[in-house]
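Engineer: If you read the protein sequences in the order shown, they are chains A, B and C. Going by the UniProt record's numbering, the first sequence opens with residue 1, and the numbers climb by one from there. Going by the UniProt record's numbering, the second sequence opens with residue 1, and the numbers climb by one from there. Going by the UniProt record's numbering, the third sequence opens with residue 1, and the numbers climb by one from there.
Bear in mind the hints are in silico, worked out from the structure with no lab data behind them. A virtual CB, placed ideally from N, CA and C, is assigned to each residue, including glycine. Please note that a few of the clues may not be correct.
[As the list claims (entries may be wrong)] Only some residues are given here: those of chain A computed to face chain B with a beta carbon under 10 Å:
1. Leu2
2. Thr19
3. Ala21
4. Asn31
5. Pro32
6. Asp34
7. Ser61
8. Arg89
9. Ala93
[To be verified] In silico negatives: residues of chain C with every beta carbon more than 12 Å from chain A:
10. Asn6
11. Leu7
12. Val12
13. Glu25
14. Ala37
15. Gly55
16. Val92
17. Thr140
18. Asp152
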Amino acid sequence: MLLIRCPYCEETLPEMEFTYAGEAHIVRPENPSDMSDEAWRDFLFIRSNVKGPHFERWRHSHGCARFFNAVRDTVSDRFLTTYKAGEPRPDLASLLSAAGQSESEK
Amino acid sequence: MTNFRVPGRGRVQHGKPVTFTFDSKTFRGLEGDTVASALLANGVHLMGRSFKYHRPRGPVSAGSEEPNALVGTRRGKGQFEPNTRATVQEIWNGLQVNSQNKYPSLKFDIGAVNDRAYMLFSAGFYYKTFMWPKSFWDKVYEPFIRSAAGLGVSPSEPDPDHYASRYLHTDVLVVGAGPAGLAAARSAASAGLRVTLVDENAEAGGTLLSEPQVEINGQPAWTWLASELAELEKLGVRIMTRTTAIGYYHQNMVGLCQKLTDHLKTPDAATPRERLWRVRAGQVILAQGALEKPLVFDGNDRPGVMLAGAAQTYLNRYGVRVGSRAVVATSHDSAWYAAFDLAEAGTFVEAIVDTRQEPRSDLVTEAKRRGITVLAGYTVTGTSGRLRVSSVRVNKVQNGKVLEAETLTCDCLLMCGGWTPSLHLFSHTKGSLQWDPEAQTFLPDRKTEDCQIAGAGRGLWGIEAALTDGRDMGAACAKALGKSPAVASVSVGNDRPGTGVSHTELPTDLNPGKARAFVDYQNDVTAKDLRLAVREGMRSIEHVKRYTTNGMATDQGKMSNINGLNIAADALGKPQPQVGLTTFRPPYTPTTFGALAGYHRGDHFEVTRKTPIDGWAEAHGAVFEPVSQWRRAWYFPKPGEDMEEAVSRECRATRASLGIFDASTLGKIEVVGPDAVEFMNRMYTNPWTKLAPGRTRYGLLLGDDGFIRDDGVIGRLTNDRFHITTTTGGAARVLNMMEDYLQTEWPDLKVWLTSTTEQWSTIALNGPNARNLLEPFVEGLDLSDEAFPHMSIAECTVAGFPSRLFRVSFTGELGFEVNVPARYGRALWEKLFEAGQKYDICPYGTETMHVLRAEKGYIIVGQDTDGTVTPYDAGQGWAVGKTKPDFVGKRGLARPDLAAEGRKQLVGLLTKDGKTKLEEGAQIVFDPNQPIPMKMVGHVTSSYHSVAAGRPIAMALVEGGYSRMGETVYIPMPFGTVEATITGTVFYDPEGERLKL
Amino acid sequence: MTAHINLSQAGVLAKSLAASVTLLEPVARFSLRTGAAGQAKLSAALGLTLPTKVGQRTQAGQTEVLCLGPDEWMLHTSESLAGTILQACESVYADAPHSLTEISDREVTVRIEGPKASELLTLGCPRDLDKLPVGEARRTVFDGATIILWRDAAETYRIDVWRSFAPHLISLLQTGCGELAAE
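Okay, chain A solo, but in the shape it has when bound (with noise of 0.2 Å):
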């Protein structure tokens, strides 16, 4: 069972409030109707499926309600952040820069 912080209630807590929602920044078009087939299939069904940091949804489903992003190494099972839905993705660099030190410290 994992630790995920909260980025709306500022808190760290069981995983088990949590429901896990798919990968992240996946925007929904504008007007859908204005797409090709692919263009609409690749929305629909096409994700990254990363090995490594992925970037990807949460709800705190037995919380605050609130659905947020996250970005948690799919090898470790380690989470590198969490952030507001809405808010750009964060750069990576300087996420997993920062994840070396903490472990270093180990």
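Chain A is already provided as a structure; the job is to place chains B and C on it using the hints.
Structural biologist: Here is chains B and C on its own, set in the frame of chain A:
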């Protein structure tokens, strides 16, 4: 019977005898004994038979790592547990213990014939033997494997015990209450932190319990231990004994299994047998110590052969000499002290056999002072004795050559092949290990968690080293948590530090191919098996493990892994770190299903949601069915009625006059805000702008992929307020989906959602007399068809209760759904039921509801749809607002595959004989004579016997169904092929006249 | 199947030396949702300040407000004041659009108190209760059911839980009261 108890010795209560039975024979032990220590005190070493060869076995250890002495324990009716380690189970008056893997008796076991045939059972035996002929699988091989497989016998009665679980948050969790753990807990607690100290043993102390000669800070070990524990308690440390850390998970989550009652004759009824703790710790200190390794030589499994450290524990902790004539065979200094302690207690030590040419001189001097023969530079090449060791064969080794054998008489052989740091929990975290060439073992290296390893767990030896290291690691954890610990100095007297060397199997002058030199006792894996595996091509240690099953038994290779690795590495001609270690996995020791299930059994297995009217239904004989987490009244049988009769009667009564139905489980969402209508337009397929307040509409919800997700009737209460209903099972999912769109795609919309599912209790009245019943109860509303037509909603009072009243029908009859605040649900139901007597009101359940709606062709999402069905496939195209610029699923519906010809479409099916009721889920084919496998073109989604139609009716998804009206399809069933005709889905009142009453 | 627990009868459901569990009398409950723009006007209309940090509470007379999320509040008040709340919010709807939805019957409240009240909650709540200050509250989870956990004193809590989950939750609390007392 010889008594091996040493008066006054150990931590057992010499004045408190305890009697228990082993294989129906009564034995006497003392309070504080384990089954193993009590039997050893009675001179009994033979406690079980081995798994594969049924060889006689006795305990080799004194702890939870025990591979041999597995017994069945019975505490009462249904309270039988197989594979209990006799070295762990505490005794109490009346405990029943049985040996395992033997028939007819432990001393004479027919299965021991396997031992003679051991050549057949070598590594990879299963892979080599059970290969052909194919026809042998069912009749010969499988029955053989099934009867031979498994350790012990499964319990056959329900477990009457109860189990518990808790969450625990602690700043520092210390695993292991030996010297290192105690010192770590003290440091952390002194810094004012929340500290939890756990130990799997019945009491804290670890090695100190086996080494009473030690002096700590001028106090005898046990005096120091008592005062230290009192001090820890004073500092608020939570100390839990009989508590095993079974798994170490992400972010310092550690699972603990606490045994609460297995050591008690009459536990308190409110006390659970075991409790699972889910601990979240800021810092974890692993102070689990080290496990002693056996030496690998022919006959090293004979009862009476045990680890020297175990013998020392039996003597010093339990006051039991494990024999009266001992030979000690060792490659490590520690066993020498065991020999000295035993000699002092009156056991004759025949010899200390050390594999090293030059053992430590002070130890040799000490041995000689005691008159003990020292055989340095020797190997052990065999043992004899049928059910107990009676002699040991040893040989001098000179320049790598094994010289002539000597035979030493004994009744116990105490061995020590060095010590392995217990790294199981550390390995659960994927922490990396580093091979220490000097200690010939793996030590913890890179950590992935906020943890420290203290004491023997990281290769340190001796009490002083453990205390100092524990203290410092505790302090390090406190500092990591931002606290300043108090650190005191430690002085230790009579410490027994030492070193040793590590071996593969010991050299022998006999044919090594015939040696029964066991590496893994529990799975009966020998050194020869490991070498054979390498010879047969296994290169990875993971393959060697699986081929031989070394380390795969319930003890998880606690004693066998390093010996196995040394032998495999030698056979492969590679250094150990290049061969590597297999992965340790949770649980650390076998854990009951009860502990893992905790409270979730019986009545508390899972949440069972009940409506406010559930109690009435139960009192009126309803049969219930689970619908998602709810239990719902399924049907209300009268005495003597079966389900079909009851449902037919309920259907008939509702269509003839009046039925009453508890619809409280329907999901309800209140949508409020200036942008409510815009939100509705975007979410649902239907247009909502023109829906006037006071009116309702059937709403269809899709995913963006274009497939149906949910449906329900939605009322507009005011311009800015909608009352959505969802399916029972879809309530939470739909709200989640709507919140998702609202929060992440359309945060600009001024509209908010609130679940009101449980605010309202919903009573559905259906039938031609529905209005007649309801009208007298309603205030503030004209119920006439003109004033309150079909698909209306209003707020009013019903029987004096505030109400939201829908005119709606899911049966095809005149219908109303009365929503009242949940607390009034049952009262209203009872009033309506009483007043309804004059209309022969009939309570009906979900089955009748299903039949009535199917007669009208109303779909049930999740039954007639399966996540790949579009509104057009389901005949709901009319509900799609084609002129709206966008809604969730609009673009999806235009995907080429969703608009293609030949999709499966929802149609009606009538069986040609007019009698056969199709099976829901049955597959449909166009040509029943085609070869198998046939091409399946659809399946039956709903099927009932219809009273109104006077025959069975069904709905089905069939390829191109709409263009096949009147055609025949075939449903192959085990009893024969059923023919059916494709029809429309409305089987009753196609014009909808009955809704307009 | 969970045991029968009569939710229409307030009173003690379990009591031991460790803790007691009491079903409280009904209160009027509202879910209030609004964006940042509407908060000041709604506060003024309600005669209190809507707290803005998740988990914080304020009280004005018989009305208690808890911030559950950035745009969500739970209001508890006496049943006699329910109409006043509805009117107060309605009066500012045009300027401060919001959703006020009555949910008085959606949930029930049990009070847990006694020397081991906190320990009792650890049977089902994965949160670290030492980090829940007295005078605050959180929405969280207890044995699979969403709850709102109010900490009123060091060893006094209230749990709001949806009505249909209450029997499941209460039966575990009853088991726990006995289990803790036996320790």
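Engineer: All hints are to be evaluated individually against the structure, with a verdict given for each.
Structural biologist: Hints, verified against the model:
no.	hint	in the structure
1	Leu2	holds, 5 Å
2	Thr19	holds, 8 Å
3	Ala21	holds, 7 Å
4	Asn31	holds, 7 Å
5	Pro32	holds, 3 Å
6	Asp34	holds, 9 Å
7	Ser61	holds, 7 Å
8	Arg89	violated, 14 Å
9	Ala93	violated, 22 Å
10	Asn6	holds, 27 Å
11	Leu7	holds, 22 Å
12	Val12	holds, 28 Å
13	Glu25	holds, 26 Å
14	Ala37	holds, 17 Å
15	Gly55	violated, 7 Å
16	Val92	holds, 24 Å
17	Thr140	violated, 6 Å
18	Asp152	holds, 20 Å
Hints 8, 9, 15, 17 from the earlier list are contradicted by this structure; the remaining hints agree with it.
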